[in-house]
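Undergrad: Residue strings, one per chain:
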Amino acid sequence: MMIISARKYAPALKMIDEVNFLKPQKSYLHNGIPVYMQKGGSQEIIKIEFVFKSGSYHQEKPLQAWATANLLKNGTKFKTSEEINQLWDFYGASLQVDAQKDITSVGFVALSKHLVTAMNLLLEMIIMPEFHEDELVTFLKNRKQKFLVNNRKVQYLARMHFAELLYGTNHPYGKRLQESDFEKLTREDLVTFHHNNYFPANCICLVAGNYPETIIKTLDKSLKKFAWENIKLNQVPEHKSEITPKPKHLLPRPNTLQSAIRIGKPVINRDHPDYHLLSVTNTLLGGYFGSRLMKNIRQDKGYTYGINSALINLLRGAYFFIASQVGRDVKNQAVEEIYNEIEAIRKQPAGDAEINMLRNYLAGSFLRSFDGPFMQSERFKEILLFGQDYSWFQQYLVTLKSFQPEDIQRTAEKYLHENDMVELIVG
Amino acid sequence: MVNFKRYTLQNGLRLIVHQDTTTPLVAVNVLYDVGARDEHPEQTGFAHLFEHLMFEGSVNIPEYDNALQMAGGENNAFTNNDITNYYLTIPRQNIETALWLESDRMLGLSFSEEKLSIQKNVVSEEYRQTYLNQPYGDVWALLRSLVYKVHPYQWPTIGKSIDHVKNANLQQVKDFFYRFYRPNNAILVITGDIEPDYAYKLVQKWFSDIPEGELYTRNIYREPSQFQERRLKVERDVPFDEIYIAFPTGTRLENSFFISDMLSDVLGGGRSARLMENLVKKKNIFSETNAWITGSIDKGFFAIMGKLHKNQSVEKAEQLIWEELIDLQKNLIPERELQKVKNKIESTNTFAEAGILSKAMNLAYYELLGDADLLNKQNEKYFAVDDVTLRKAANELFQPSKASVLHYMAND
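Heads up: the sequence lines are chains D and V, in that order. Under the working numbering, think of the first position of the first sequence as 1, with each following residue one higher. Under the working numbering, think of the first position of the second sequence as 1001, with each following residue one higher.
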C-alpha cells in the first residue's frame, strides 16, 4: 500500500541521453537513382517513396505541380483510372501523393507481401501517365468546390493571405490561388510539367519498413519494364520574394464568430548556426502545450481553443508564424497578449523550472519523432533535402543539453523582435 | 497478433500490458467508461468539459502537463458518445511519472471555480471553432437529432448548446468525478518496452490505494424502432448543397457491425468504392461522397454523404444514391470486389498494430467491449462474411421507412 504523502513528489527522472538513429543503407538503381533503405519495425509492412526535387516553386501556372502529381493515378498508357484505383484498393495498399512547394513525393505503404505489385503500379503511374482531358476536367471541378468551401473558413484565408504578405504575389510561395485558376489549367500543362520534372536524375527513392534482402533487385526488375529517359536538368527558376511594407493587416469578414490571427516574419533557415536555438525559442513561445502563448491565451484567459507557433522550413526561404482562432470580441486583447509574450521572452530570462521542462520535453519529442522506420525515414528525408547529415541531429541534441536562458533571450532579440512582425487578422 | 497480459487490482481497476521491444517509448492509455450518452439531457457537453478539467490539477500535482513534459512525455484525450479516453507516450525510463500522474488524477482533482470558468470559455471557443464558425459545422448535430428521438446519442459530444456548458457548476463537476472516474470504471493499458509483471508491480504501487466507487448501472432509454421515413431540409450560408441519408444499425457487439461496416466499405471505402466511381466520377453529380457506420456501443447508424455540384438537383442526387443501395439489395457483390474489401481490412488492421499508441487505445476499447482479445479476432469476423449475407443485410438495412434524410441547402 502506498503512503499517500509519497505522491507529493515526482518520481525520479532519467533523461534521454541518446537517440538510436536508424541510418539508411545507400544503394543505386540501375538507372542511377539513389535508394536509401531503413529496415525495421514490428509489422510486415513497407513504405516506398520517390521524391522529385520539383514542386509548385518550379511551375509556370498555378495548380500545375499539384494537378500533375494528383493525376498520375488517373490513367496510364495501359490502365484506366478505375483500374488503377481498383488495384491499389485490392492490394490494400495506400497510394500517397504529396505535392509541396519544393518537392513532390509519390509513394505507397503496403503489406510487404504486395511489394512487387505495388511497385509495378507505382512506376507505371510515375513513368507513363496519360493525363486524360476528361479526368482533368472532373478533378478540377471537384477540387474547385473544395477550394470555394475553404474560402469561407477564416483560418484558411489567414494562411493564404499571410503567405502572400510575406513573399509577395509574384513569388510561388506567396501567390494566392484564385477561383479562375481552376479554369486555366490544360492537359498540355500537365504533360509539360511531367516531362520537365519527373525524370530519374531529378529524384531519390526512400524505402522503409520490413523488406527482403533482395530489395534492390526487386526494384530494378520493376524499373526495367519501363523506358524512363533522363532529360537535361532544368535551370531552377529565380523568384524574388517581396515582403509587405505595412506591418498590420485586417481582412474583415463580418459574419464570423471567430477571428483568425497570424503573426510572423521570415527567418533563418536550417543551415544557419543559430537555427537550433531558434527552434528551441519557438517551442518556448508557442511550440507545445506548455508554451507561453498556450498558458496565457488559452489556459489563463480562455480566449481560444488553441494557439501555436511554428517554423516553416522551405528550401528557398523559411518563416516563423503564430496562429490562432479567437473569439471575435477578444481579438484585440489576444493580439496584445501575443506581443506581450514575445517581448517578455526577449526581456526576461526564463526560470530554471521552465528551462528544464522545455529541455526534457524537447528531448522526449525528438526521441518520439524517430519511433519506427517510417518516422525515421521522414526525418532522414528532411536532412537529405537540405543537404545535411546526421551530425545536424547530433548538434540539435548538444543544443538541447546546453542551452541557457540567456541564449533564448539573445535568439529572440535577434530573430523574433515584435517590431519586425507582420500581423494579419481575418474576421 | 497483439499478445498481452491482463490483471485486475483489488479496487477493480483493470490493467492490460503488451510488450513491444522495438521502441524506446511506452504508451499509457486510461479509458473511463463514460461518454456523452451518460449525460443529462439538460446538461449536455458535460463529459467533454470534464475531460478538459482533468488537465487542471489533481490532489498532489498542480499542473498535469508541466509534470509530463518534464519527463519528456506527450499526451492528449478525446471524448465521444461512449467513452472518455486519455493517452500519452513517454520515454520508457520515465514510466513511473506517467503512473504517478494518472493515479493522482484518478485519486482526486483540485476542483476550483476559477479553472472551471476558464475551461468553460475554452470549450465555448472550441464549440465556435469546430461547429459554429465552420461551413457545414452543424451537419452532425442535425443528423443525430434526426436519427435518435430518445437515446442520448441524439446530441453531439460538444453538447446541444453552448449554454449547457456555460451553466455547469462545481458541484456537478465533483459529482461527475466521483460517479464515473473511479478505478472500477476505468481500464488502464500499457504498451511498449516494458515487462508485464513489472508493469503490474508499478501499477499496484500507484493505483491500489485509490478507493473504488459505487457500481454505476447504466440506465439509458433504448431507441425505438423506426417505421417511417424522416426528412429535414435546412438552408445555410454555405456555397454548395449536401445530402445525408442515415439508417439505424445494430450495436457494436452484434455480428451485424462487421457486415454493415463492409457494406460501407463497398460504397465509400477508398477511391475505387462504388459511390466514388459511379456518382463522383462517371455521373459527376457529386464532388465528394462517403459512407460509414458510427460503430457506437449502443445501436448506431449507417451514414451516406454526398456533396453536390452546382445546378444539380438534390432529389435527383438522392435518387442516384438509392439506385446504388438497390443494386446491393438485388445483386451479389462480385467475388473480387468482396476480396478487395477484405484485403483492405487486413492491411488497415496490420498498420494499426505498427504503433504502440494505437495498440494501447485498441486494447482498452476491446476490453471495454468485453475482451481485449477481440482485437485479434477482428479479421476472422470480417473474413467470415459472404456475398449472400451482405445482400440480405442490405435488404434489412436500406429500407425507405427507416431512412433519415437531410438536405443541407446553400442559400445563395
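Don't take each hint at face value.
[Claimed, not checked] Straight line, CA to CA, 25 Å or less: simulated DSS-like cross-link-like pairs of lysine-lysine: (1) 77/D with 1281/V; (2) 1283/V with 141/D; (3) 295/D with 1115/V; (4) 146/D with 1115/V; (5) 1310/V with 1233/V; (6) 1281/V with 301/D; (7) 1201/V with 14/D; (8) 1310/V with 144/D; (9) 1283/V with 301/D; (10) 1120/V with 301/D; (11) 144/D with 1282/V; (12) 1281/V with 184/D; (13) 153/D with 1310/V; (14) 146/D with 1283/V; (15) 1283/V with 184/D.
Rather than coming from a laboratory, the hints here were simulated on the basis of the structure.
Undergrad: Check whether the Cα positions of residue 295/D and residue 1115/V lie no farther apart than 25 Å.
TA: holds (13 Å)
Undergrad: Given the hint that residue 1281/V pairs with residue 301/D, does the C-alpha gap stay at or below 25 Å?
TA: violated (48 Å)
Undergrad: Regarding the pair residue 146/D and residue 1283/V, is the alpha-carbon distance no greater than 25 Å?
TA: Distance of about 18 Å is within 25 Å: holds.
Undergrad: Mind checking the alpha carbons of residue 1283/V and residue 141/D for me, to see if they're no more than 25 Å apart?
TA: holds (13 Å)
Undergrad: For residue 1310/V and residue 144/D, compute the direct alpha-carbon distance and say whether it is at most 25 Å.
TA: holds (11 Å)
Undergrad: Given the proposed pairing of residue 1310/V with residue 1233/V, does the C-alpha separation stay at or below 25 Å?
TA: Holds - the C-alpha atoms of residue 1233/V and residue 1310/V are around 17 Å apart, at most 25 Å.
Undergrad: Is the Cα-Cα distance between residue 1283/V and residue 301/D 25 Å or less?
TA: At roughly 51 Å apart (the allowed maximum being 25 Å), residue 301/D and residue 1283/V break the hint.
Undergrad: Are residue 146/D and residue 1115/V close enough, with their CA atoms no more than 25 Å apart?
TA: violated (39 Å)
Undergrad: Would you check the hint for residue 1201/V and residue 14/D, treating anything up to 25 Å between C-alpha atoms as holding?
TA: holds (19 Å)
Undergrad: Is it true that the CA of residue 153/D sits at most 25 Å from the CA of residue 1310/V?
TA: With a Cα-Cα distance of about 20 Å, the restraint between residue 153/D and residue 1310/V holds, given a limit of 25 Å.
Undergrad: Is the Cα-Cα distance between residue 77/D and residue 1281/V 25 Å or less?
TA: Roughly 19 Å between the alpha carbons, so the hint for residue 77/D and residue 1281/V holds.
Undergrad: Would you mind confirming whether the straight-line C-alpha gap from residue 1283/V to residue 184/D stays at or under 25 Å?
TA: holds (23 Å)
Hints 4, 6 and 9 from the list above are not met by this structure, while the remaining hints are.
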